[in-house]
Amino acid sequence: MPLFKVENLTYYYPGTEKPALKNISLEIREGEFLLVTGGSGSGKSTLARVLAGLIPDFYGGRIGGKVFFRGREIRTLDRRKLAREVGMVFQDPEKQIVQSCVEAEIAFGLENLGLPPDEMSRRVAEVVSFMNLSPVQQAFTASLSGGQKQKLALASVLAMQPRVLILDEPTSQLDPVSAEEILNVVKRLNEEMGFTVIMVEQRLERCFHLADRVLLMAGGEIICHGSAAEGAREAVRRGLPFVPPVARFFACLNSPVVPVTVKEGRELLQSYLKGNIAVTKPDVPRRNHNSNIKRAEKNSIISLKNVWFGYPGGQEVLKDISLDIKEGEFVAILGENGAGKSTLLKIMVGLLRPGRGRVYVQGKEVGRNGFKEIRKFTAYLSQNPNDYLFQETVEDELLFTMRNFGLKDRGQVDEILHRLQLEPYRRRNPRDLSSGERQRVALASVLVTGPGLIILDEPTRGVDLGLKSELGHFLQEEAAKGKTVIVVTHDVEFAAEFAGRVVMMFAGRIVADGEKHAVLGRSVFYSPQISKLCRGICDGVLTFAEAQEQLGPLLAAKPAVLIKSTGEKAIWGRAGGCTPH
Amino acid sequence: MFNRLFYREKGLFLQSFHPATVLVYLLVLLILSLIYDHPLYLLALFLLLALLIREVDGLDAWEGFLKAGVFLMLVVMMVNPLVIRAGKTIIWHGPAVPFLGKLDISMEAIYFGAASSLRLLVIISIFCLYNLMINPDRVLNLFSRVAGKSVLVITLATRLFPTMVRDLQRIREVQQLRGVDFDTGSLWQRAKKYSGLYNVLLLSSLEDAMEIAESMQARAFGSGRRSVYSRNILRPRDLFCLGGSLLALSAAVWGLRYGYGRYSFYPEADFLIKDGTTLAVLFIVLFYLSVPLILSKGWKHCRFLKSKI
Chain A
1 MPLFKVENLT YYYPGTEKPA LKNISLEIRE GEFLLVTGGS GSGKSTLARV LAGLIPDFYG
61 GRIGGKVFFR GREIRTLDRR KLAREVGMVF QDPEKQIVQS CVEAEIAFGL ENLGLPPDEM
121 SRRVAEVVSF MNLSPVQQAF TASLSGGQKQ KLALASVLAM QPRVLILDEP TSQLDPVSAE
181 EILNVVKRLN EEMGFTVIMV EQRLERCFHL ADRVLLMAGG EIICHGSAAE GAREAVRRGL
241 PFVPPVARFF ACLNSPVVPV TVKEGRELLQ SYLKGNIAVT KPDVPRRNHN SNIKRAEKNS
301 IISLKNVWFG YPGGQEVLKD ISLDIKEGEF VAILGENGAG KSTLLKIMVG LLRPGRGRVY
361 VQGKEVGRNG FKEIRKFTAY LSQNPNDYLF QETVEDELLF TMRNFGLKDR GQVDEILHRL
421 QLEPYRRRNP RDLSSGERQR VALASVLVTG PGLIILDEPT RGVDLGLKSE LGHFLQEEAA
481 KGKTVIVVTH DVEFAAEFAG RVVMMFAGRI VADGEKHAVL GRSVFYSPQI SKLCRGICDG
541 VLTFAEAQEQ LGPLLAAKPA VLIKSTGEKA IWGRAGGCTP H
Chain B
1 MFNRLFYREK GLFLQSFHPA TVLVYLLVLL ILSLIYDHPL YLLALFLLLA LLIREVDGLD
61 AWEGFLKAGV FLMLVVMMVN PLVIRAGKTI IWHGPAVPFL GKLDISMEAI YFGAASSLRL
121 LVIISIFCLY NLMINPDRVL NLFSRVAGKS VLVITLATRL FPTMVRDLQR IREVQQLRGV
181 DFDTGSLWQR AKKYSGLYNV LLLSSLEDAM EIAESMQARA FGSGRRSVYS RNILRPRDLF
241 CLGGSLLALS AAVWGLRYGY GRYSFYPEAD FLIKDGTTLA VLFIVLFYLS VPLILSKGWK
301 HCRFLKSKI
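The listed protein sequences derive, respectively, from chains A and B.
Per UniProt numbering, residue 1 is the first one in the first sequence, and the count goes up by one each step.
Per UniProt numbering, residue 1 is the first one in the second sequence, and the count goes up by one each step.
Hints listed in this document are in silico derivations from the structure and should not be mistaken for laboratory results.
Be aware that one or more of the hints could be misleading.
Taking CB as the label site, the calculated pair distances span [unchecked claim]:
#1 B:Ala-213 with A:His-473: 33 to 39 Å
#2 B:Pro-236 with A:Asn-337: 40 to 46 Å
#3 B:Ala-213 with A:Arg-427: 27 to 33 Å
#4 A:Arg-427 with B:Arg-190: 27 to 33 Å
#5 A:Arg-353 with B:Ala-50: 36 to 42 Å
#6 B:Gly-185 with A:Lys-81: 56 to 62 Å
#7 B:His-301 with A:Arg-163: 50 to 56 Å
#8 B:Pro-236 with A:Met-1: 53 to 59 Å
#9 B:Arg-190 with A:Gly-406: 16 to 22 Å
Pairs of lysine-lysine residues, derived as DSS-like cross-links and limited to a Cα-Cα distance of at most 27 Å, are as follows [as the list claims (entries may be wrong)]:
#10 B:Lys-193 with A:Lys-372
#11 A:Lys-95 with B:Lys-300
#12 A:Lys-305 with A:Lys-364
#13 A:Lys-376 with A:Lys-408
#14 A:Lys-408 with B:Lys-193
#15 A:Lys-372 with B:Lys-192
#16 A:Lys-326 with A:Lys-364
Only a predicted model underlies this, so the values are computations on that prediction, with no experimental measurement involved.
Using N, Cα and C, we set each Cβ at its ideal position, and we do this for glycine too.
Using the sequences plus the hints, can you model the full thing?
Listed below in structure tokens is the structure:
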């Protein structure tokens, strides 16, 4: 008997006429690791909530079809009983913690189940130990880092000892290191402890290989479910971006085997290119030389000279930062949490004044009034797009900024709405839009003044691969027009694909700065999956398009391998998903 | 910057008491600070509190609390001699002032003002010690059994407060960069600008509240009768401390019945030390109140005591 059985499930959120889920039929076995992926609004989170019993109980709305859990219809199950069997961890750790103390938070679910004190103590102790939370057991939840908070959220669910663990994008708000930690725990829970795991996720390069089965959703429907390799092929066939780069590379090759990890990918590539290894040398110096000549000719937009900064009563956050960013550059600033990236951005936009050192914007030193002197020239998008949204309509949101700066040309509003594909939502309340659309509205609200400098803090956090790609292309276009784009991100794949220059920060210092190939191509840990795949085989490759360009001819020269494997010669770019995302 | 004023887990002995014990102990200190008039008794309480605060590594925080108290202290010390006419030893004949009459400053009024200020500092120090010694979450946990839902609401508010302060700062920065100047314009214009700021915060908080509620529902909140997870352990140290507190209170009440701890400032101030019993009673009360301090020292320096408490 399957653990979950879903039959013809259709669901409408209250007040909507478009179904969030359409005719879903699905079975999930006990002990399975099911990865659910798809774009924003594809219905994946809704499906997770149905399986957790939150829809329609918590959300209301209309539901059709049936969902069975261990043979019994889920809606007939007592809520307490269901919570003992199915646990759910949500996307944002900040929004699922109830208590102010770590230990109390872990016990919260147990108290709700009405368990006796001895049982609660035992379970709390076990979970604290398993999740390695002992050092922070007595700490205030507010003082934890994002990664620790998500670990705590997971721990508080695990304490309830469910059979099934449903995770809705549990790593989307975390930095890569914390995300890895959460995924490792989930892997252990599935492999060593037999938990059934249903994970909704967008960071596929880290979890695709963990899944027994991948479920690809679009428009409220399941468009593909099968093994990871089958999922990759189907996504590529449909031109969808929801495939990790290595799998997409080989799926585009029509390779009979679609590897899902870098290790498998490298083995396969080496077997294809036997005798042709290390065929190319990195051309980083040439690229570097050319870009340096071009850079030198351009005007400096932001220049930081020996900048030091420390918060009152805190440690030094920025240490002797010198950075010169030119007109038309697209710069990605990478680094771990606490490296000082966001503080650096605030210094650049004049929200903070350096303790020592000087900051020049467009050749003028930023004075006492800081942000007031440069804000008309600068668009700054913070980590949370919701911080920008409070007007009745999307259009009003843009007009608010224009009014503040005394601008009257409404043509700018039309233009920016058009460019960010927001025209259909002009009269809609921004709070009624999806997260991706909200981000575009927030971006429009700061771009409407026509700034020359665009600064974004973690714009890819929680954004699906399709929207991320759209954003990347938009920013590239802006840079091509001569605007300067600076993005702080943890997303190495995004930086490698779209930025031209990469700055790496560590503990308040810049440890690497240069053309992206020079910085990311040499890094082992801060390099995109494609670069890891090609290292030592075809150095200097960072992006999917570069891999196609460099390896395509080599693989075409070895037709025997592919013909033998697939029965036909692979043709690059034949499938829709083979264009770079 | 205000972090040092609030509770921080430092793993200190004085932070390991059961919250009920700490509440009783501090309540006794508060009662004594209110019922004692004798400057010597108040001074002794102040010194005891100073030692306790030092023991919880809180001199920094105490400084913060005292800074706030000094202003009030100066007000009391200045106003009292101006309005009180009961003192006999006049040290300055001032001019006649409308409403207040003739300004005769007496030594007794200054003395009373100083003693009242000392009482104020003692009370402030008690609250400082509360902040340093006791995890507010544990206090709430103590009341979970009798008022579960109210406690949960308070806990949620406590939990969300720092987040909201942080959010507000971020939203303010965002609006400043969108051209809003919070420090310019008429009062009405400024109020309008701030209303926009709080509007964003309110909208986001409402959305966040839905997500928190969903997470609570997923963890079976409201699915039936709840139990209470108590993280508080009662140890021998708590019994010693509770015993000490009750004995100190009893001794103080006994003393007060016979006038030890009372003090009259007007028309002429009493002797500071009337007789030996004044000191004996003070010593006994102080000894019982010093139990946590003695235990803390014993915990550090006496292995035998450490193993027993």
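Checked hints:
1. In this structure the supplied range 33 to 39 Å holds for Ala-213 (chain B) paired with His-473 (chain A), their Cβ-Cβ distance being about 38 Å.
2. Range check, Pro-236 (chain B) to Asn-337 (chain A): about 44 Å between beta-carbon atoms, so the 40 to 46 Å window is met.
3. The hinted window of 27 to 33 Å between Ala-213 (chain B) and Arg-427 (chain A) holds, with their beta carbons roughly 30 Å apart.
4. Between Arg-427 (chain A) and Arg-190 (chain B) the C-beta distance comes to about 30 Å, which sits within the given range of 27 to 33 Å.
5. Distance hint check for Arg-353 (chain A) and Ala-50 (chain B): the Cβ-Cβ separation is about 39 Å, which falls inside the suggested range of 36 to 42 Å.
6. Take Gly-185 (chain B) and Lys-81 (chain A): their Cβ atoms lie about 58 Å apart, and the range 56 to 62 Å holds.
7. About 52 Å separates the C-beta atoms of His-301 (chain B) and Arg-163 (chain A), a value consistent with the hinted range of 50 to 56 Å.
8. In this structure, Pro-236 (chain B) and Met-1 (chain A) meet the distance hint of 53 to 59 Å, their C-beta atoms being roughly 55 Å apart.
9. Look at Arg-190 (chain B) against Gly-406 (chain A): about 18 Å separates their beta carbons, and that is inside 16 to 22 Å.
10. Straight-line distance between C-alpha atoms of Lys-193 (chain B) and Lys-372 (chain A) comes to about 16 Å, which keeps the hinted pair within the 27 Å bound.
11. At roughly 42 Å between alpha-carbon atoms, Lys-95 (chain A) and Lys-300 (chain B) are farther apart than 27 Å, so this suggested pair is violated.
12. Straight-line distance between C-alpha atoms of Lys-305 (chain A) and Lys-364 (chain A) comes to about 13 Å, which keeps the hinted pair within the 27 Å bound.
13. A C-alpha spacing of about 14 Å is found between Lys-376 (chain A) and Lys-408 (chain A), which places the hinted pair at or below 27 Å, so the restraint holds.
14. Among the hinted pairs, Lys-408 (chain A) with Lys-193 (chain B) is consistent with the structure: their alpha-carbon atoms are about 20 Å apart, no more than 27 Å.
15. For the proposed pair Lys-372 (chain A) and Lys-192 (chain B), the alpha carbon gap of about 20 Å is at most 27 Å, so the pair holds.
16. About 14 Å separates the Cα atoms of Lys-326 (chain A) and Lys-364 (chain A), which keeps this hinted pair within 27 Å; it holds.
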